[in-house]
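Engineer: Read off the chains here:
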Amino acid sequence: MQVYSVAQITGYLRDILESDALLADVWISSEISNMSGSSAGHLYFTLKDEASQMRCVLFNRKRLSVDIENGLAVVAHGRISIYEVSGAVQLYVDMIQPTGLGVLNMEFERLKAKLAEEGLFEPSRKRPLPAFPEKIGIVTSPGGAVLHDITNIISRRYPVVELVLAPTTVQGESAVPGIINALNALNDRGDIDVIIIARGGGSIEDLWAFNDEKVARAIYSSKAPVISGVGHDTDFTIADFVADKRAPTPSAAAELAVPHRDEIETHIGSYIATMAASLSNSIERGRQHADELYATASNQVNNEISVNIERLRGQELKLDSLSPMATLERGYALVQSHANGEVISNISQVERGDMITVQVSDGQFNSRVTGSKKGLQAWMKDFPSNSH
Amino acid sequence: MDEGLSFEQSLKRLEKITETLQEGGMPLEEMIALFEEGAALAKTCHERLNKAELKLSEVQTMFEKDEKSEESA
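Chains E and H supply the protein sequences, listed in that same order. According to the working numbering, the first sequence is numbered sequentially starting from 1. According to the working numbering, the second sequence is numbered sequentially starting from 1.
Think of the hints as simulated: they come from the structure by calculation, not from any bench. Even glycine gets a Cβ: it sits at the ideal position worked out from N, Cα and C. Mixed in with the good hints, there may be bad ones.
[Stated by the list, open to error] Selected chain E positions facing chain H (Cβ under 10 angstroms, derived; list incomplete):
1) SER36
2) PRO142
3) PRO159
4) SER174
5) ALA185
6) TYR271
7) ILE272
8) ARG311
[Stated by the list, open to error] A few chain E residues facing chain H, derived, Cβ under 8 angstroms:
9) VAL161
10) THR168
11) ARG261
12) ILE264
Could you build the full structure based on these sequences and the hints that come with them?
Structural biologist: Quick look at the structure:
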């Protein structure tokens, strides 16, 4: 036989209580009594009905969104454990609301606050949707109008994709595991670009699977970005908050998932126009360039021709200056023997009395030699070419 | 055109060709070849948009066939 201390037994009890899934996350509906506050801001009270009562503690009363008082009918959420100092089993409350608001509503608010605090709704973690998806996963019921609507819309807007249906129930007992299983099945393929998770309109109870924490976490950890389209545009679910993109309805989710082919056609049209304009601009530029080349080339040819003409003219002038005519014009004369036409360049060729013909620039005359003398006139001696 | 290109790849290639042609600065023969490729891409993109039929497939889940008859949503 083993004997335990009180601390051992209360510790054992605490372990049992805290390892129980139901007691770790429980809603209790009852009436408040024996309420008292502590200076530290904690609130102590008892929840009781006709048959029994339970001690409750709410740490940090600032978390209360409504005032509570003795006698108020409430629904409280929290975990059950044992306060070892007094040995009392009590509810550690994290949320409390007057009963009139409805339990589902409160659970919704509680989970929303919790996941928001964890960062599951952070805008910074929302992933962009692919502009041109190739494979779109659809998590929804295979038989409903929702799938039909989504198929129609995507077929009309952007039929070049493949839709991959991951069938699941979307309400009732099997909806939560079904939705999670469908999301996983799509993500396991590794080739899905975006996932639409959708359900038609219904009551808050009908849509409840989309307010489930496990579904929210499955959406959060999805590899492919998720578009939620649940209920009508007035319905907001936890799935909407955690999804990468919230669509007000399943049809709107389909529209968000794909581009519209008219937009693409417009783009293609502008590409063609731009390409054609660029090409014809280049051809025009090429033509201008060719014109310029031609102009430059013909200028060069013309220049060469004029240079040659100049050169020829220069040659002509030189030829002129060498011709006997130019010499005659400068005052020199050509002297020839009248008898035989021999050009006279030495005085030995003539004798007194000989007839000579003197050619000047514009004519000739005859003359008779009356005398001769050897040697040059004084001024001619200065020319160097005559020194020989 | 390469039939292996996805629709998105074809569009991207068309966009790239358009940009290249806009920048210019290449021999005219190359421009004409690019223009021809771009025009062919535009044509096939247009045809794919207009002739494609939506493909619908299904992935295996825990959903049972007999559940379908109960499903109302």
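Engineer: Per the CB criterion, is SER174(E) less than 10 angstroms away from chain H?
Structural biologist: holds, 7 angstroms
Engineer: Quick one, is the SER36(E) hint okay against chain H at 10 angstroms, beta carbons?
Structural biologist: violated, 48 angstroms
Engineer: Would the stated hint for ARG311(E) survive a check requiring a Cβ distance to chain H of less than 10 angstroms?
Structural biologist: violated, 41 angstroms
Engineer: Holds or violated: is there a CB of chain H closer than 8 angstroms to the CB of VAL161(E)?
Structural biologist: holds, 7 angstroms
Engineer: Interface hint check: PRO142(E), Cβ to nearest Cβ on chain H, cutoff 10 angstroms. Holds or violated?
Structural biologist: holds, 6 angstroms
Engineer: Hint validation: ARG261(E) versus chain H, beta carbon distance must be below 8 angstroms. Holds or violated?
Structural biologist: holds, 5 angstroms
Engineer: Can PRO159(E) be said to touch chain H, with a Cβ gap under 10 angstroms?
Structural biologist: holds, 4 angstroms
Engineer: Against chain H, with CB atoms and a cut of 10 angstroms, does the hint on ALA185(E) hold up?
Structural biologist: Where the cut-off is 10 angstroms and the nearest Cβ of chain H is about 5 angstroms from ALA185(E), the hint holds.
Engineer: Tell me if the interface restraint on THR168(E) is satisfied: Cβ within less than 8 angstroms of some Cβ in chain H.
Structural biologist: Nearest chain H Cβ about 5 angstroms off; hint holds.
Engineer: With a cut-off of 10 angstroms on the beta carbons, see whether ILE272(E) makes it to chain H.
Structural biologist: This hint holds: ILE272(E) lies near chain H, its Cβ roughly 5 angstroms from the closest one there, short of 10 angstroms.
Engineer: At a threshold of 8 angstroms, is the proposed contact between ILE264(E) and chain H supported by beta-carbon distances?
Structural biologist: ILE264(E) check passes; min Cβ-Cβ to chain H is 6 angstroms, inside 8 angstroms.
Engineer: Are TYR271(E) and chain H close enough, Cβ to Cβ, to be under 10 angstroms, as the hint says?
Structural biologist: holds, 5 angstroms
Consistency with the previously given hints fails for numbers 1 and 8, ordered from lowest to highest.
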